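Construct the complete structure from the given sequences, taking the supplied hints into account.
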Amino acid sequence: MSNQSQAVDPQTVEIEDYKFGFHYPDSSVFKTRKGLDSEVVRAISHHKSEPEWMLDFRLRSHETFLKKPMPNWGGDLSDINFDEIYYYAKPSEKQWKSWEEVPESIKETFDRIGIPEAERKFLAGVGAQYDSEMVYHNLQESLSDQGVIFSDPETGLRDYPDIFKKYFGTVIPYTDNKFAALNSAVWSGGSFVYVPPGVKVDIPLQAYFRINSENFGQFERTLIIADEGSFVHYVEGCTAPIYTTDSLHSAVVEIIALPGSRVRYSTVQNWSGDVYNLVTKRAVAYENATVEWVDGNIGSKRTMKYPSIWLMGEGAHGEVLSIAFAGKNQEQDTGGKAVHAADNTSSVITSKSISKDGGIATYRGHIKVEEGVRNARSHVVCDALILDPESGTNTYPYMDILSDDVTIEHEAKVSRISEEQLFYLMSRGMDEAEAAMMIVNGFLEPLVKQLPMEYAVELNRLIELEMEGSVG
Amino acid sequence: MNIKIKDLYASINGQPILKGVDLELNSGKVHALMGPNGSGKSTLSNVIIGHPSFQVTGGEVLVDGENILEMEPHERARLGLFLAFQYPVEVPGVTVGRFLKRAVDIRAGEGNTKGFVKKLREMMDYMEIDQQFINRYLNEGFSGGEKKRMEILQMLMLKPDFAILDETDSGLDIDALQVVAKGVNRLREGDFGALVITHYQRILNHIRPDYVHIMYQGRIVTSGGNELVDALEANGYDWIRKQYGIEEDSDVKPVTSG
Ligand SMILES: Nc1ncnc2c1ncn2[C@@H]1O[C@H](COP(=O)(O)OP(=O)(O)OP(=O)(O)O)[C@@H](O)[C@H]1O
Ligand SMILES: [Mg+2]
Numbered sequence: 001m002s003n004q005s006q007a008v009d010p011q012t013v014e015i016e017d018y019k020f021g022f023h024y025p026d027s028s029v030f031k032t033r034k035g036l037d038s039e040v041v042r043a044i045s046h047h048k049s050e051p052e053w054m055l056d057f058r059l060r061s062h063e064t065f066l067k068k069p070m071p072n073w074g075g076d077l078s079d080i081n082f083d084e085i086y087y088y089a090k091p092s093e094k095q096w097k098s099w100e101e102v103p104e105s106i107k108e109t110f111d112r113i114g115i116p117e118a119e120r121k122f123l124a125g126v127g128a129q130y131d132s133e134m135v136y137h138n139l140q141e142s143l144s145d146q147g148v149i150f151s152d153p154e155t156g157l158r159d160y161p162d163i164f165k166k167y168f169g170t171v172i173p174y175t176d177n178k179f180a181a182l183n184s185a186v187w188s189g190g191s192f193v194y195v196p197p198g199v200k201v202d203i204p205l206q207a208y209f210r211i212n213s214e215n216f217g218q219f220e221r222t223l224i225i226a227d228e229g230s231f232v233h234y235v236e237g238c239t240a241p242i243y244t245t246d247s248l249h250s251a252v253v254e255i256i257a258l259p260g261s262r263v264r265y266s267t268v269q270n271w272s273g274d275v276y277n278l279v280t281k282r283a284v285a286y287e288n289a290t291v292e293w294v295d296g297n298i299g300s301k302r303t304m305k306y307p308s309i310w311l312m313g314e315g316a317h318g319e320v321l322s323i324a325f326a327g328k329n330q331e332q333d334t335g336g337k338a339v340h341a342a343d344n345t346s347s348v349i350t351s352k353s354i355s356k357d358g359g360i361a362t363y364r365g366h367i368k369v370e371e372g373v374r375n376a377r378s379h380v381v382c383d384a385l386i387l388d389p390e391s392g393t394n395t396y397p398y399m400d401i402l403s404d405d406v407t408i409e410h411e412a413k414v415s416r417i418s419e420e421q422l423f424y425l426m427s428r429g430m431d432e433a434e435a436a437m438m439i440v441n442g443f444l445e446p447l448v449k450q451l452p453m454e455y456a457v458e459l460n461r462l463i464e465l466e467m468e469g470s471v472g
Numbered sequence: 001m002n003i004k005i006k007d008l009y010a011s012i013n014g015q016p017i018l019k020g021v022d023l024e025l026n027s028g029k030v031h032a033l034m035g036p037n038g039s040g041k042s043t044l045s046n047v048i049i050g051h052p053s054f055q056v057t058g059g060e061v062l063v064d065g066e067n068i069l070e071m072e073p074h075e076r077a078r079l080g081l082f083l084a085f086q087y088p089v090e091v092p093g094v095t096v097g098r099f100l101k102r103a104v105d106i107r108a109g110e111g112n113t114k115g116f117v118k119k120l121r122e123m124m125d126y127m128e129i130d131q132q133f134i135n136r137y138l139n140e141g142f143s144g145g146e147k148k149r150m151e152i153l154q155m156l157m158l159k160p161d162f163a164i165l166d167e168t169d170s171g172l173d174i175d176a177l178q179v180v181a182k183g184v185n186r187l188r189e190g191d192f193g194a195l196v197i198t199h200y201q202r203i204l205n206h207i208r209p210d211y212v213h214i215m216y217q218g219r220i221v222t223s224g225g226n227e228l229v230d231a232l233e234a235n236g237y238d239w240i241r242k243q244y245g246i247e248e249d250s251d252v253k254p255v256t257s258g
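First to last, the sequence lines map onto chains A and B. Using this note's numbering, read the first sequence as starting at 1 and increasing by one per residue. Using this note's numbering, read the second sequence as starting at 1 and increasing by one per residue.
Please keep in mind that the hints were generated in silico from the structure rather than gathered at the bench. Take the hints with a grain of salt, since some may be wrong.
Derived coverage of chain A by chain B (criterion: at least 3 residues anywhere in the stretch with Cβ under 8 Å from a Cβ of chain B; other residues may be distant) [as the list claims (entries may be wrong)]:
hint, region
1, 411–422
2, 425–433
3, 437–445
Everything numeric in this text was worked out from a predicted model, so none of it was measured. We put the beta carbon where it would ideally sit given N, CA and C, even for glycine.
Shown next, in the form of C-alpha cells:
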C-alpha cells in the first residue's frame, strides 16, 4: 500500500549533544497546505471521516482560536508565525500492530529512539505517533481481555463513541486558552485510554510523539478515563529533529479519575531546541481518587506547561512533580496547579529546575481553595539550581484561598552551584563536568528517587546529555 | 612523593596572604604545621590542592619535580594529593556511598574496585562511623565531628600518597580525636606522608610528627622537631612574633620576605 519501504539515509544534523536531531525525508501520504483556515480544518476532519459533531467542534474551536489573544505572560511567543506551519501531515495510510510492518524509515526512527526495545522490556502497551498520526499501536492481550482500551482518539471516536463523547473536551473546553482552542480545531493523534472499574494496569502504557517534518505543528489529543478503583500509569515521550525553523507542539491532555482510581501520567519531553511546546494538561479527580503528574521538561525553545488537578471529590489527592532543564536559548515556564473543590482534599506540588548557559527556568504555580471547602491541605516546594551567572530563574506562586480551613505550606529555594562544592568534589578526583553533574544529580535526587526506575534512568540520561560538553 | 614549595606567593582578591613560603614535604614522613589564626595555613593547603579563588603570584609547587600550579584540582588529586578540609562541604542529594564509589573508581582505576563495599564497611567500623552513613547525603546535617571523621574515612578509602589535614582535630572530643589519629596512623605504615595542621599538642601526642613547621604572617618562619611544639605550648606565639614578626598593623605592605 505504501511506497516508502526502502531504507533511506537519515539526514543527521549534529548540533551539540541532542541525540535525536536526525530526520528522514518527508514522505507523507497526505498533507494540508501551509497555514490555517477553516478549509484546512474541514480537510482534516474530512480526511478522518468524522461525524458532524466533531467537525462543528473543530470549526467552533478554530473561531475561538482566532479571537483569543496570545498569552501576554510566560515565555515570549512573538516569533511564532501561524501561517508558516503545516497543521496536518499523515505519514502512512494505516496503523500497524507489529513493528515489522511499519514502513522502514519510520520504524528506523523509533528504533533509534529505542521504543520497540522499551516495549519489550517494560511496557504493557505502546502507541507511536509520527507527525500527525499514530503509526503503531499495541496493547498486551491480557489487558484488552480485561476491557482496557488503549488506542488513538480517532479509534476512540469511531469505536467507542458513547464514552468518548461523554468525556471529550469536558476537562479542557476549547475556550480555555488560545492553544487549547488551536488543538481542538486541528487535533490529530494522541491517546484514548479507558480502564474499567477495578482493573489495575501494573506496567506502564507509553505513547511516543515524534515530529519528523519541518515547520510542523503536532497537535495530539489525549483522553484518559480511569473508572472506579482502577489504576493506570501512562508515559508520554517526545522528540523532534533539529531544523533551522521553528516547530510547534500543542497538545491537550484530559484525565478523568473516577472515584477511588489512581492515574499517574509521566512525561519525558526531550524536544529539539526549535520547538515551541505549549501544552494544556488537566485532570479531574473524584472521591478518593489520586492523580499524579510527573513532568520532565528538557529541550524545546519555549515550554509553557502547568499540569493541573481539579480535586472535585472528597478525599481526592493530587501531585505534580515538575522537573525542568533550561539550557542555551531555552525558556522553561512550567509548574502546576491544584484546585481544591471538595473537603479533605490534598495536593503536593514539587518543582525542581536547573538553568544553564543562559537558560531561564520559571516556576508558575496556582493553588486554589474554593469557598466553604473544609480541611484542604497543600504543600508546594520549588527549588531552582542555577549553574552559571548567565542563567536565571523566576518563581510565581499564585494562591487563591477562599476558605479558612486550609493548611498551605510553600517553600522556595534558589541555589547556585557553588565553587566550594565543585572544588571539594574535584579535590577527590572528579573533573569539573563530572563534579557539576554530580551536584545536579544530587539536586534532583530527592525527586528522582520517587520515580519509577525506567523513568528515572531516562531522565538522568537526558540531563547528562544536556550537561555534557558545556561545563568549563 | 616529594613536594617542594619554593618562595610561594598567593593572594585572594588582590590581598597577599602567602608571602614567600618555602617548605619541603616528603611521603613517609609526617609534618606538623602550626601557626596563629590567619597566618595562612588553610590558604597554603588550598593553593597546593588548587582552589580557584586564590591567585598564585609567585613561586612554585613541585611534586616529584613537576610544577603542579597549572593543574586543575582533579589532576592534582589524581597525582595522589589529598586535602582533609577544615570545613568539609555539604553536597545535598549525593550519598556517601555513591560519592566514595566514584572517587575510589577514579583513584584505583575503574574495574579495580572489587570489594569496594566490604572495604568501605570495614573502614567505617574502623573509624567508628555508623553504617547508616553510607546512605546519608555527603556531609549534609553531619555534626562537626562526623564531618571530620568522614574526611578521614575518605582518606582511608582513597589512600593518597600525601594528605594535608587542615585542623581535622579541631572540635573533636577526646574519643573522636583518638579515632582520627588512628586513621592517620593506619596509613602511616606505607609510603604515606601527611601535613597535619593543628593548634594543639593533643593530636600530636597521638600522631607523632617527624617535623614541625611554624607559619607566621604567610611564611614558614621556623622548622624543627617536637621541641617546637613544647615551646609553643609553654610560651604561646609571643616569641615567634618577637623573633620573626614583621611589624603588624603597618599600612606599608612588606615587599620582601627576608
Ligand atoms: N576567601 C577569603 N576572602 C578573604 N580573605 C581570606 C579568604 N580566605 C582567607 N582569607 C584571609 O587570609 C588570611 C589567612 O587565612 P587562612 O584561612 O589561610 O588562615 P589559617 O592560618 O588557616 O587560620 P586558622 O588557624 O584560623 O584556620 C586571613 O587573614 C583570612 O582572613
Ligand atoms: Mg585554617
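Right, here's what the structure says about each hint:
no. : hint    : result
1   : 411–422 : holds (count 4)
2   : 425–433 : holds (count 8)
3   : 437–445 : holds (count 7)
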